[in-house]
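Asks: With the hints as a guide, dock the two chains, each given alone in a separate frame, to form the complex.
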Amino acid sequence: MSRNNIKQVWALLLVLVCVELCGSGRASAAPICVHGQAGCHFLSLADLFDRVIQHSARMHSISSDLHSEFEQYVLPSRNHIGRINRHCHTATILTPNGKENAQRLAREELTEVILKLLVAWKDPLWQFHQNMVHQDDFNNFSSNKALEMSYMVHELRKGVEKVADRMQNLGMISNSLSGLSSPEALDPSSDTSGESQAMSDHDLLYCFRRDSNKVQNYLKILKCRIVPENGC
Amino acid sequence: MSSCGMCVHPGISHPGKPVLINCRSPEKETFTCRWDPGFDGGLPTTHHLYYQKEDSDGMYECPDYQAAGSNSCFFNKSHTSIWVNYNITVVAINSLGSTVSDPLEVDVMYIVQPNAPENVTVSVVETEESPHLLVKWEPPHEADTRSGWITLTYQLRLKRQNKKESEWEEYASGKQTQLIIYSLHPGEVYMVQLRCKLDHSLWSEWSTTTHTEVPDYILKERSIWIVVTVFSAFIILLVTFTLAMKRKYVKHCLLPPVPGPKISGLDTQLLKSGRSEDILSSLINQSFPPTISTKDQQVDYLLVFDSEQVTPDLQNGRTRTKNSIDHGCYNHSLLMKVNNEVKVGSREMVEQGYSEGLESTFRKTKSLSTDVTSHPCPQKKPFNNVTETPKQAPVSSKYRSLSHHKDLWDSLARHLDYRETVVKSQSNCDDKHNLSSQNIVTPSKAIGCVEVQRWTKSIGLQVQVPEMDKKQEDYSKVSVVENDNIVLLKRETVPLNCTSCKVRGNHSEKCLQKPCKPNMTVPAKEGVHIGSNGYVEPVIITLYKM
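So the protein sequences, as listed, match chains A and B. Residue numbering for the first sequence follows full-length UniProt numbering, beginning at 1 and increasing consecutively. Residue numbering for the second sequence follows full-length UniProt numbering, beginning at 1 and increasing consecutively.
Bound conformation, chain B alone (with noise of 0.2 angstroms):
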């Protein structure tokens, strides 16, 4: 072979430009520098470095190209100095020329990166509340950390193994050498990596990753059931609380309020209080005429009266004719108080003992009565039962077993029909009357009022029922008033009126159609017949002997 120096041959040159990489210490007592050695030209190159220090003069070279492996020179220790800037330089050199690469400029001091720490051992330690990592290791062995001259940080990456996505988690551990790393997952697999840096220097590598599984254990389910048992009975509570404070609305939206029976003019208070005479007045004392909106509280109270004589007070403008009917007693009032004062044969305002309230109407309608002499006989039914009225005395008893019926009048006053019932007595007629006088109540105002017309023998009511159309119609008297509900009437036993079955108006009725005797005594039918409105009305016509 010949030295050609002008011709070339392709593919061969001189060597590449060589590039140092980096130079490191790993224990700041020696280090190595590694270069790429670049294109070769083609020829076995070489290559050669060669370092100046700062504090002498001249150029050394590598003083070792084998520990370090290829492409590399490794200073020992006899070779390094510290805080001294090294000017490294490379050569490569083939046969066809040399290249130099660009220096660089070492201080070891700043050159430094330890190797990953070793001896890595981490062990699960398992106690009664959690269990934990201990995570355990050793300096890199060729690090000088006993004189003192280095002084290493660590730290420590976690990662479990099974979650996907999972992050490591980083932990510094400063200068010690082991770790206790809490709040594990049970039965997962963790990995976990070292790394460890000089004082100012760059971080190592990581260590190889070293894997430990955690065991199961029950004390994460109990703490989940725990915070489930705390979150709900914190939420009961607040319910409870909020229930508690809210009762009334919770008791109005889970048990509405029924809604109570609502009569006009019947005020629940005072049937309470008890005073029955109070009740009672308050039962009749209605306007007139009724402005009833609803059937339902329509009430019609008893206007009993006798007189054929105009009676202007007993309405409000309205006259009377004798005998007529008139819608309804205007003062309740009336019914409740009798006065004892009981007239023969003359038109007599009863007071019953109830209440005191009719006083006035009775001493008003008094003079009214006074002239009541003789109207005869109605050639109308006769509907005037006029019993013989004793004196006071039997009055009274008589006033007082109809007071013992006030409880009667509550449910007669509810139930009854009580259309203008205008029990007009006749207190003139005469025995063929078989009447005594009677006693009326009769209304002293137009308001409204019950007369009460009361025989000695019979204790009842008579009660008349006049129709609509004001018709002298049949009147039904009522004998006696059982079970609340049921009301007995006795049929007049006036002899024109043996056949007074004919009762019209709105009500049904059924006739006994018994032969007009006397001594006849039928029995007491039921026959409640409850009108439209509510109120047990009177159909039955019994005829008893009186």
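Chain A on its own, in the form it takes in the complex (with noise of 0.2 angstroms):
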């Protein structure tokens, strides 16, 4: 009589941990606001590409702050060699020049060049923190700088891939984006990291600051072109 009572208490025990267990299964789907569901904050797409113009403008700030900086404290101090040729590995990547030039590209393909843009850059960025932190060029300040600059491309990456995954769920854009998450395509670095380890710190810099500066209008130009109702 004991055994069967045990092994009832203990079934029914089992029982007991495999519905709850199953049921939490079921019951608590991750939050996952997909296509404006009701019971979570739903974001616009305006509301997106607002958010991820403001992150790039940011961006582009710390980054025009850091140059003047090394113009002003250290480049003084060394040779100025070779100003003409200096040559950033991200030039590879075709970007449009010129507003005509960007109004002419497809969306996907706009969306692409910021992709791209931003790929290429985490690498050296993060090199180039690592760099500052051993000199005695920088001060702390700047090589905090270094760091969130660092910081904040891999950011705003995200945030783009969102906007685009956004984008593409609205059916606004095509669905040949979808090779671009995969970071062989993307990633350069493959390519140039010969090149980009050869940037001296002035050219990295002043690199970065003008592709910044071509991520943010890239963005706003395609945020007017797919929402323009706010603000442009």
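Keep in mind the hints are simulated off the structure, nothing from the lab. Fair warning: there could be bad hints in the mix.
[Stated by the list, open to error] Residues from chain B that keep clear of chain A, each with C-beta distances beyond 12 angstroms, as calculated:
no. : residue
1   : Thr46
2   : Val84
3   : Thr209
[What the hints assert, rightly or not] Here are a few chain B residues that face chain A, going by a calculated C-beta distance under 7 angstroms:
no. : residue
4   : Thr32
5   : Gln113
6   : Gly148
7   : Leu152
8   : Glu277
The C-beta atom is built at its ideal place from N, Cα and C for all residues, glycine as well.
Replies: Below, the structure is given as structure tokens:
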């Protein structure tokens, strides 16, 4: 009798545990807001674009500050050699050089360009930050900025990817961007790793300042082309 | 003209070096470069601009020298590439040579400077609360803000025209193309200017000034009055509160307390209590000799006694001869109580029915008075008036009547000049005195006393005001006290003293020169003389029939 009782108790416990686990698995799905589901805060595409644009504006301002600091404090002490021969490692990426050129590009291509740029700068900035910590050229304030820059590039890329996903979901752009998420296709570091390391700090800052400005402008054009009602 | 390669004419040379001033792009799509030509060397000189782009090889010349004016080069949209470095140089060429300027590296991204905002309109919007300025404007027409290529931020500045040395007030407007300005001065003319900038570019120039006038309105004055009113109300409240807190000090300052009359030995509280015996006792109870600082407070008390004996206890160690006048009476309490102990022919102490304090006094002096036998009728002026004293009943009546005059006592005490008034009674004087026994209130102690002599027929207090030199002069008997400040004195009917009008002393006296007749009655006269010490002194001697 006692054995039967014990077995029953154990069975009951087992059933309860199973129900608990299974039930929880079904009941609480991950709260991902897709297609404006009820119950979660829905961000419109325009809001997403605004956030991304603000992010890129901040990134650009930081890069400008760092570049001007560099030119003010560090550059006079070094020999100014080969200024015209500046060569950014992202030169291989074809980017539109004007408004009409940018407007002529398709949305998907523009988005792709943006993502390519952001991907291309992740590693060099991290490397730059590492170099700065060990050097005495910059103070701590600049070192923090470099760290923040590299972090922001990473965040901005994720944001733009989200925007792209949303646009694809909304059918505004085709799904040709799905291949962009793979790091091998976008990351030019395998091709230009040597070049990126050959860049001096000054060139790096100069190139990044320009590229961040490109990203910002492309995003603005993209936004006013896709969601023109707010602030365009 | 010959080409003179070797000769040099004065004033002619190859051109000076031109200087590139700057390159500017107003809308991030085109840009213009300007240079300073420099010295032309006295010969017609031409300038050429050449540029080189970063991403392409080759030298190119400026596509447009005219569009932007002289000494300028305009790059249109097709020739403009953003995020591309331009290397620009200017060459000045004349017949003698050419000069190349320094190169200028330009990235269009960083030479952007927009034009000033356009169509600035300022209007005054009047509301009931306060008017405000509504400023509206438009971006420069060439800036493309629709495609998101350009984001402009604006800035406004304001200044009052009439007020000299006023500074510009700057307001940031962000991306909006209108702004509302509050807190205006009425009746003033305001000047408004605007400028804008691209994302991180240079600020544009200030736009042309727009003038606008704000009409007058009353609200401003009203606000000033409101402020003034509130402030003054606050001040008044503060003052009132302070005064209320310091009530006593203010009262003391504005209405200083009037000093009350001070009479030594006079207790106002005692007076207020209304107990006559206490009052009189306090009036009379005074140390001997009276050590009074001021004359005002000098109160002499009546010392009435009749014995010719020595009454040593009347004074503190002082002995009195009979018929002597002593200073003051010392036991004030004697005056009060009448014990109805009247003995005819003896020295009696009469205690008036006023206070009990005299009992002991009377008892004490009673013993003394028993010896009063026959003291001779004074050779001196018989000053005593001994009236027949009936038994106690009339005594009591007398006293009762006297008791009615307790107010008289008060006033008497106050106004009479209480020197030593010793009333001696000659109780044993027989009928020529026509006096009966007197009731004397004698002092028991030498503190001070009042001896009251009373007689049957008349109510009065025989007050003897002796002189300071203790002369046995005339003594005036008070017949009646009128009106609280008039004392009618009774002249002695002793025939010996018919001419006793010469009471000497400090007091001037009026004498009624009346014949010394009994049965003559002379009405009392006034003649209240107020002595120097403020007390009413008996100066009238009247005759009346006893």
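Asks: All the hints need checking, so say for each whether the structure fits it.
Replies: Status of each hint after checking the structure:
Against chain A, the non-interface label of Thr46 (chain B) holds: every CB pair exceeds 12 angstroms, the least being about 27 angstroms. With a least CB separation of 6 angstroms from chain A, Val84 (chain B) falls inside the 12 angstroms interface cut-off, contrary to its annotation. At roughly 29 angstroms, the least C-beta separation between Thr209 (chain B) and chain A is larger than 12 angstroms, which holds for a residue marked as non-interface. Given hint, Thr32 (chain B) at the interface with chain A, is violated; its Cβ is 16 angstroms from that chain's nearest Cβ, farther than 7 angstroms.
Evaluation of the Gln113 (chain B) hint against chain A yields a violated restraint, the C-beta minimum of about 16 angstroms exceeding 7 angstroms. Satisfaction of the interface hint for Gly148 (chain B) is found here, the shortest Cβ-Cβ separation to chain A being roughly 3 angstroms, below the 7 angstroms cut-off. Among the interface hints, the one on Leu152 (chain B) is violated; its C-beta lies about 11 angstroms from the nearest C-beta in chain A, farther than the 7 angstroms criterion. With 7 angstroms as the threshold, the beta carbon of Glu277 (chain B) stays out of range of chain A, its nearest partner Cβ sitting at about 103 angstroms, so the hint is violated.
The structure fails to meet hints 2, 4, 5, 7, 8 from the earlier list, while all remaining hints are met.
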